[in-house]
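Model the full assembly from the supplied sequences, consistent with the hints where possible.
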Amino acid sequence: AELGPEWTVLHAVPVGAKASDIDHVLIGPGGVFTLNTKHHAGQKVWVGRHAVLVAGQKKHYLSHARHEAARAEKLLTAAVGEPVSVTPIVVFVGPKHLIIKQSPAGMVVCTDRSLLRWLRRRRPVLPEERVVRITAAAALPRTWHRNPTPPEVEPAVLQERFAALRTSVRSARRRRRLWALGLLGGGGAAVVSQASEVLNGLVNAGLS
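Numbering of the sequence shown is given in our numbering, commencing with residue 1 and proceeding in unit increments.
The reader is advised that the hints may include incorrect statements.
Stated by the list, open to error - For lysine to aspartate or glutamate, the following EDC-like pairs were computed, each having C-alpha atoms within a straight-line distance of at most 16 Å:
hint, residue 1, residue 2
1, Lys96, Glu73
2, Lys74, Asp21
3, Lys44, Asp112
Because the hints were derived from the structure by calculation, they are not lab data.
Shown next, in the form of C-alpha cells:
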C-alpha cells in the first residue's frame, strides 16, 4: 500500500489578491506540505544548503518554495484557529541526476520517483481530527483568496477552481468515512492505489 484515503491533495490553489497559486497542497497524517514541481527532464540538478543549480544555472526554487509554505502556514493557521505547520517540498521531475550536496534547512528536495517513498516513511504527526479540520479549512475559498474576483482573473475561472478544490475535499472525506466504517472491504486496495495515482499524476501533469 502507498498513500491511503486519509490523504488529500489540492491542486493549483489560488492565493493572494492576484492570479498566483500554489502548485499542490498535501494534507494527511504525516503533516501538511506545499509541493512545488519543477520539470527538468534529462538535466543535472545540484542542491546545496542555500542554492539550486540546474545545468549549471542558479535557480531560486528554495526561496520560492519557502515563501509558498510560509504563506500557506499563515493562512491555514488563521483559518483553523491554531498553529498549522507547513513543510515545503521541491519536486524535480525526470532529472538526469539529483545531487544533494547539503540538504536545505526546514524543507525537502526530492524527485518524482522518491516522493511517495519519502511520504510513506513519514511517521504520523497529526491526529485524524486535526487532519479533518485542516482539510475542511483548506477547501474554503476565503482561506486562500481575500479578493476572489481580481481584475487579472475572470470570476468564473476562480469559481471553477475553488469548486474543484471543494470537490476534491468532499471526495476525500467520503473515502475516509467508508474506510473507517469498513465498507470498502476488498475495494480498499483500489482506493489506496487511486491515492497513489493522484500523487503520481500531480508530478507528471506538466505543472511547474
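Going through the hints against the structure:
no. : hint             : verdict
1   : Lys96 <-> Glu73  : violated (32 Å)
2   : Lys74 <-> Asp21  : holds (15 Å)
3   : Lys44 <-> Asp112 : holds (15 Å)
Checked against the numbered hints given earlier, the structure breaks only hint 1 and satisfies all the rest.
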